[in-house]
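Chemist: When you get a sec, could you build the whole thing from the sequences and use the hints?
If you count the sequence shown from 1, position 54 lands on 967 in this note's numbering, and the numbers rise without skipping.
These are calculated hints, taken from the structure and not from any lab test.
Values in this document were obtained by computation on a predicted structure and should not be read as measured data.
Accuracy of the hints is not assured; some may be wrong.
[What the hints assert, rightly or not] In silico PhoX-like cross-links for lysine-lysine, where the CA-CA straight-line distance does not exceed 20 angstroms: (1) Lys-942 to Lys-1026; (2) Lys-937 to Lys-1026; (3) Lys-1023 to Lys-942; (4) Lys-975 to Lys-1008; (5) Lys-975 to Lys-1026; (6) Lys-1008 to Lys-937; (7) Lys-937 to Lys-1023; (8) Lys-1023 to Lys-1008.
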Amino acid sequence: MICFLIEVYSLDNKQIAATVILHKTDGSKRFLTENQAQGQSLLMVENDTMHTGLANVLQNIKENVRLDVFQLRLVDLTNAKIADKRMPIFVFEAKEEDIDVHLPAQYLWKEPKYFMQMISEFELQGMPIF
914 MICFLIEVYS LDNKQIAATV ILHKTDGSKR FLTENQAQGQ SLLMVENDTM HTGLANVLQN
974 IKENVRLDVF QLRLVDLTNA KIADKRMPIF VFEAKEEDID VHLPAQYLWK EPKYFMQMIS
1034 EFELQGMPIF
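Modeler: This is the structure we're talking about:
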């Protein structure tokens, strides 16, 4: 299985969003989402200006989602327009057999159709691989 991490970075609002696309051994995919008050969303991370956006997301994934970030590999970078702000999206991958796919209660693996509905409001540029 392969995971992609999507990092959406904005200096304006000091927030970073992320997800992991899990490629399962049976060929299916699942996307990491976070339970928020308004429903499922991308993983939301506060931007610590002492570190890069990438470092902040990886630290959050390591500490809160409890995925092995050493098994993530950067494979793509594209841009999105979210809430009228342009942001880069970083995409990573990893094999399912290399990570523990069990998540803390506030995180869920969602099927692609649910994830695609969630991001359909974003204006993506380029050709993201997910």
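Chemist: Check the hint pairing Lys-1023 with Lys-1008 against an upper bound of 20 angstroms on the C-alpha distance.
Modeler: 17 angstroms, holds
Chemist: Mind checking the alpha carbons of Lys-942 and Lys-1026 for me, to see if they're no more than 20 angstroms apart?
Modeler: 10 angstroms, holds
Chemist: Between the alpha carbons of Lys-975 and Lys-1008, is the straight-line distance 20 angstroms or under?
Modeler: 16 angstroms, holds
Chemist: Are Lys-1023 and Lys-942 close enough, with their CA atoms no more than 20 angstroms apart?
Modeler: At roughly 8 angstroms apart (the allowed maximum being 20 angstroms), Lys-942 and Lys-1023 satisfy the hint.
Chemist: Between Lys-1008 and Lys-937, does the CA-CA distance stay at or below 20 angstroms?
Modeler: With a Cα-Cα distance of about 8 angstroms, the restraint between Lys-1008 and Lys-937 holds, given a limit of 20 angstroms.
Chemist: Quickly compare the C-alpha distance for Lys-937 and Lys-1023 to 20 angstroms and report which way the hint goes.
Modeler: This hinted pair holds, its Cα atoms lying about 12 angstroms apart.
Chemist: Is the hinted pair Lys-975 and Lys-1026 satisfied, with a Cα-Cα distance of at most 20 angstroms?
Modeler: 26 angstroms, violated
Chemist: Could you grab the alpha-carbon distance between Lys-937 and Lys-1026 and see if it respects the 20 angstroms cut-off?
Modeler: Holds, because 16 angstroms separates the two Cα atoms, which is no more than 20 angstroms.
The structure does not agree with numbered hint 5 stated previously, though it agrees with all others.
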